[in-house]
Structure formats: structure tokens, C-alpha cells
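Now for the letters of each chain:
There are 2 protein chains.
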Amino acid sequence: MTDFNQTRAQFILPEGKIYLDGNSLGPVPVAAAERLQKMLSDEWGTMLIGGWSQAGWMDMSFDVGNRIAKLIGAAERSIAMGDTLSLKVYQALAAALQLNPGRSVILSDTGNFPSDLYIAQGLVRSLDRGLELRTVPPAEIEQALTDDVAVLMLTEVDYQTGRLHDMAALTDLAHQKGIITVWDLAHSTGAIPVDLGAANADIAIGCTYKYLNGGPGAPAFIYVNPAIVDRIQPTISGWLGHQNPFDFSADYAPGPGIERMRVGTPPVIALNVLNTAMDVFDHVDMADVRRQSIKLSELLIAEVATHCPSLLLISPTDPMTRGSQVSFAHQHGYAIMKALIDRGVIGDFRAPDAIRFGLAPLYISEADVRAAVVILADILDNRLWDRPEYQVRAAIT
Amino acid sequence: MTDFNQTRAQFILPEGKIYLDGNSLGPVPVAAAERLQKMLSDEWGTMLIGGWSQAGWMDMSFDVGNRIAKLIGAAERSIAMGDTLSLKVYQALAAALQLNPGRSVILSDTGNFPSDLYIAQGLVRSLDRGLELRTVPPAEIEQALTDDVAVLMLTEVDYQTGRLHDMAALTDLAHQKGIITVWDLAHSTGAIPVDLGAANADIAIGCTYKYLNGGPGAPAFIYVNPAIVDRIQPTISGWLGHQNPFDFSADYAPGPGIERMRVGTPPVIALNVLNTAMDVFDHVDMADVRRQSIKLSELLIAEVATHCPSLLLISPTDPMTRGSQVSFAHQHGYAIMKALIDRGVIGDFRAPDAIRFGLAPLYISEADVRAAVVILADILDNRLWDRPEYQVRAAIT
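Residue numbers (our numbering), protein chains in the order written: chain A, 1 to 397; chain B, 1 to 397.
Source of the hints: derived by calculation from the structure; they are not laboratory data. Accuracy of the hints is not assured; some may be wrong.
Copies of the same chain look alike in the list, so a pair counts if it fits in one copy or across any two.
Straight-line alpha carbon distances no greater than 20 Å define the calculated SDA-like cross-link-like pairs of lysine to any residue that follow [as the list claims (entries may be wrong)]:
1. Lys17 to Val124
2. Lys38 to Gln10
3. Lys70 to His283
4. Lys17 to Phe246
5. Lys177 to Leu99
6. Lys295 to Gly344
7. Lys38 to Glu15
8. Lys70 to Asn225
9. Lys70 to Asp195
10. Lys17 to Gly50
11. Lys17 to Asp42
12. Lys17 to Ala94
13. Lys177 to Asp166
14. Lys177 to Gly73
15. Lys295 to Ala367
16. Lys17 to Ser53
17. Lys70 to Val284
18. Lys295 to Glu142
19. Lys70 to Arg393
20. Lys38 to Pro14
This one's a predicted model, so the numbers in the text were calculated from it and none came from an experiment.
Just chain A, same shape as in the assembly:
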């Protein structure tokens, strides 16, 4: 049984703030500061270049990957860390297209995160061989799984609405049509139980600065099903994906398994922070997280329905088809979120009109949710959002 008081104590949470934006950037793990000091003084500062072997820096991307693997039903050494999520989307799509050479369509939905679509657009343009990115509304994915589709690329949890795709069912349907699947787990990893192995998913990618609390710009990850990874000839064939990087041979030869998906020198400092953040999950059961997340989400929805009737719920009402966030629409959504942040309730705004609340049970309690809705109701009741300073548009992040 996960002790959420114990997990909450492992984060720095600023006094007077209720943080409902962990789905953009998780808070600082308490242990991060000490870990970084140790890394600077006892590793980099003492071992210098020797840290790559003596401090285990070189293998860290797989060590951390193995810890993430446990949360998402992935096998040992099936995950490589590094780069950014957008870059991992590129690697994933390039690999998936290679695995399905006779077909030309990348299928996604209109609720996918824009960067995933941008990356697909850039890849389609640069490969210049009649590929097509096809997007349909999320509800129409099933019918769109046709014989010309090479790759189904979806984000499991919609970044705006929190709508949750059925990964196992869609992967199965895709496979029946000979389609390779690429799942973006940005809003899933550490938030909801994921079982890549049971779903027989082909490729998955994700970021680690949201529900894993790895810090701003923390390294991304890529998973490839061990059954197919050896068929991939990496498009971005960097030296750390080489079979023997330190032989410095002139020709690329892919490393065994997932190693081939590494590109360049691992981001050791960031991996150290992330590795520390992963300690929190050592005593966490994702089923407990899911139960508590649903409890918090249902509470938020109920409280808002009672106290903030002008907000329109745009997340699914059925918690089984929703991730760990709840979003509402309001024509003054932007100003409302500015007013909320001013009063210590930190959520997020997503154009054109969505206010978004992430519910991370590791550090958010029912009392937080109730307190947040009291403030939200006050802002709405008294039209506090109507102040001029809240009308000026600028990126809220």
C-alpha cells in the first residue's frame, strides 16, 4: 500500500502554493540537491574523465531506463534514455517506417501533441517518397486503421483533455492490419499504470519531467519491443548506438538491442537528477496511484460542478477513459488561470480556452483539491479574472 504522506515528504513544495501543474513540470525531489553535490564533488570533481566507468555514467541511461521500465511494463534493457521527446518521436517514426517498408501512411489523431505532428511532417518532407501524415479525430482512429497505414502514432493521454486511448485494444487492432504502433507516454508514465509488454506495443517514447519529476528538460526515453529491435537500422546512427563505440572504427554497426537507439554522449548531470527522482517510485504501487488519482479527479469535477458552474468540463466523465488531469473550458480561461496562479493555485492554460489541472497523488491531497476549488470559485464569483493585468497574453509557463 503506497503511503502518500511519505511520497509527499520527498518533494519540495513551496509554502502557500497548490501545485496542479505536475503534468507540465514535476516539483523538485528533496534528495536532488545532495545527489548533485555528490556528483560534482565525488564523481566529476574527483574522477574527472574516469567517471564514465568508475561512477557508472556510461551505463546510467540503461540503469535509469530499467527503473522506468518497471512502471510501464517494459522488459529489462528495453529502454534507452537521452535527448528530448521530440527527438525520440523522430527516432521512433523513422524506425517504425523502416519496419513497414511497403506502406506510406502515418496515422495519428488531432488530439496528439503538436510536436509529434510537427516531427512527422518534417520526416515526411525530408524522406520525400510519397509518405503521408493522416490525422483523424481521436474517436475515429479505429475506423482509420486501413491497409495503407504503416504506423499508428498516438499519445495515450491527450495533453488538453486528458482523454485516454485504450492502448491494448488499439495496438491489437493495428497489428491485425499489419500496422506498427508508436505510443507517446508523455502524460502516462508515472501517472497511470501502463503495460507495454501485455499490450505487445512496438515502440513507445516519453518524457521524464512531468509525472517522473526529473526536472526542466530532463532526458526523454524510447522503448522498443525486444522482439523487433534488432530489425532496426537506426536513422540517427550516433556513436553511442555503435556496437563498439570506443573502437573508433570508420563504419557504423548497430549495438545490440536497445543500445542502438542511443545517439550521443549521455546527459549525466540530468540523468543523476532523474535517477534520484526515480527513488520516490521505489515504494509506490502504480495501481494505488491510479486509484488515488481517480479519487482526486472525481473530487475536483464534483466540487467544480457545485461551486463553479460556469466552467465546462472538457475531460471525459468516465474516469476509465481519462488520464490524471482534468480540463475545463471557459471563454476567459486564460485570465482565470492567471488569476489562479496569482492566488497560489498553479494550473496551466492551453489555447484556445482550456484550463488544465494535473492531479499527481505523490504530492497532491484531497485537501489541496478542495482548497483550490474554493479559490477558483471565488475568482469566478467575483469576476476577479476581469482585471486588465490578466488579459495580457504571454506564455504562462
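Guided by the hints, dock chain B onto chain A, whose structure is given.
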């Protein structure tokens, strides 16, 4: 006049070690620890998601880029930071090929860093339209600049021998033949004066963990000549290269100038360390660094010639055609380097037989060089490398 005692004081240098491997990984800047603590407590820990605007995280990749620009003769806001050098090679080559669409050859030399060649191989394979990677010995580059060459991709300073290409002359010759240039500055930036503007170089890339001392896996950089950057349609078109990333529009539109070369969320923690490391250069004149580097290199070569006659110099003898490192060949090079490291002199080994010494004047003195050669001579004179424990091959890093 650069005060090298003052720069040396800004690094943590372990007692009893002479560090001649800053060309693999620079040492820890003293100020890094405090900067990281501040970033954790006053920025991420206090501002949470707000740090992206309030602490300037979002612009940090250009702010740091501007500081690097000053060292390599690049214009303000012509450099974007992020990812790894291998990835930047991919971006650079993809862009360069786009700028020269009618041609099919990527020309490089056999002394280029293997990852640059691997990346070119992967790109050539994936684009699958008759492109060719052609490599010739470094001395034959000039004659190889023929009309079918689209891109000349060279590392300015050879990672093994330290041989230095004449960037200005080769860029000029390349341009006369209608060839786009990609310069890898991994062993140049912070080591020797570079003037991308004067050379009218097209694209350049580099890493920041060597002579810039940004830490293991520190972010890489890419430079694009402002005169041509707007003609590039990025192949890796991530959201942070978008014109308006926070509009979350469905279609990619490249950001202005160099902004389009960003891919994903900036690695803020690593950028903070690098930004601190760049403070050291505020009072450094690269012409002084070059003068001192030549002095140290000439001293090392002279001392080795006198005291270690069995070592064969494989770096150029003329300092004007050499970077900031000196390499020697010896059939027992690997064991010699292991013995040296055991006795506190940290250099590097590069297969098959090269021992390599980086001379970074910011923290290496003439006394260091003399002391290192005394130890090296002792190892050679007494065949200390002949011990069994030094024969076992493993990555030295």
C-alpha cells in the same frame, strides 16, 4: 592579458593529479555547485513551472549560445544549444544537403570523428536517393572539392592527431565550387581562436564538455550563417523550433533564424552548469589561450623528445597546423596510458596506438607539463607499463 592563475583557481583540480584530458572532459568549475543549488532552491523549487519565463529558462539556450558565439566569431543569436553533438551533425548535414539540392556527395576526411561519419552513413541510407559519403585522407581534401560535392564536412582539429585544418582557406575553396561547409568544432571551441564570420562558414557544430568545461554530456551547439538560415526547412522539426510553440497549432512553421534549429524542451539543469562554466571565459582572450597552448605543446614535445625517445610524435610539428593537443604513438600505448593514469597523469588513449594529451591553458601550467614528462619517462625507462594489470583492455574513459 589573460591571467591564467586566476582562471586555474576557478576549477576543482584533484590533488596529486595532472589533468591532460580536458579535450575529453573539462574539470568542474568551482561555481557550478552553488549555481545548481540556487537553481534547485530559488528557481525550480520556488517558481516550479513558472521558471520557464521568470528564471529565463526558455531563452537560456540562446543566452548561452551568444556567449559561445563570442569565442568563435559568430553573430548574436546565430547559435542554438541542445541535444548532443552527434544529433547536431545530423541536423547540420540534413540542412546542408537541402541547401545544395542538385548534388549528391558528402565529402569528409578519414581523420574525422567516427560519429560524424556514422551519422552521415545513417542519413545517406535513410534518405535513399543516391547520396554518397566520400572520405579522403586529410591532406587530399583540397583536390577532392569537385563539382559533385554538395557538402564538405570536416572536424577542424583531428581528435587523434590534433592536425588543424585551415578553415578559412578550405571554406573559400569549397564556396568557389558551390559546396556548403559543415565544420565540427568539438576540439576547437575554447581551445583555439575560431572566426566563423570571417571564414564565411555556412554551418558549424560543437560540443561543450571539452574545452568549455560544461560537464559530462553537456548540451551541444549548432551555428548557421545568418545569411542562409532562413532557407532551411528543418528536417527535425520539433515544437521549440516552431514560430509560435505555445499556439499549439497543428502545422509546423519554422521559427525566425536560428530558433528553427531547436528541437525539444531545453535541458535547463545542464545549461545552468554550462552557463556557469562560460563565466570563466569572461576574462579570457582566446589569442592568449592560443599563445599559451602553443607554449605548453612545444614544451611537451621538446621534453618528450629528450626524455622519452621511444615515443613517436604523430601530431604536426608546426604549431600553426596543430590544435591544443599532442599525440604520440607507441605499440604499448594502451598500457603506458594505464600506467600514467595510475600515477596521476591523466591523458587518453585512442585506438590503435595513440596516447593523447590535451593542453588546456586555463588550468594547465608549464610545471604540470614538466612533471608529467618526468613520470612518463620513468614509466618508459623502467617498463612499468609491462605489468599484467595494464594489459587488460577496457575503455579508459
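Output the indices of the hints that this structure fails to meet, ascending.
1, 4, 6, 12, 14, 18 and 19
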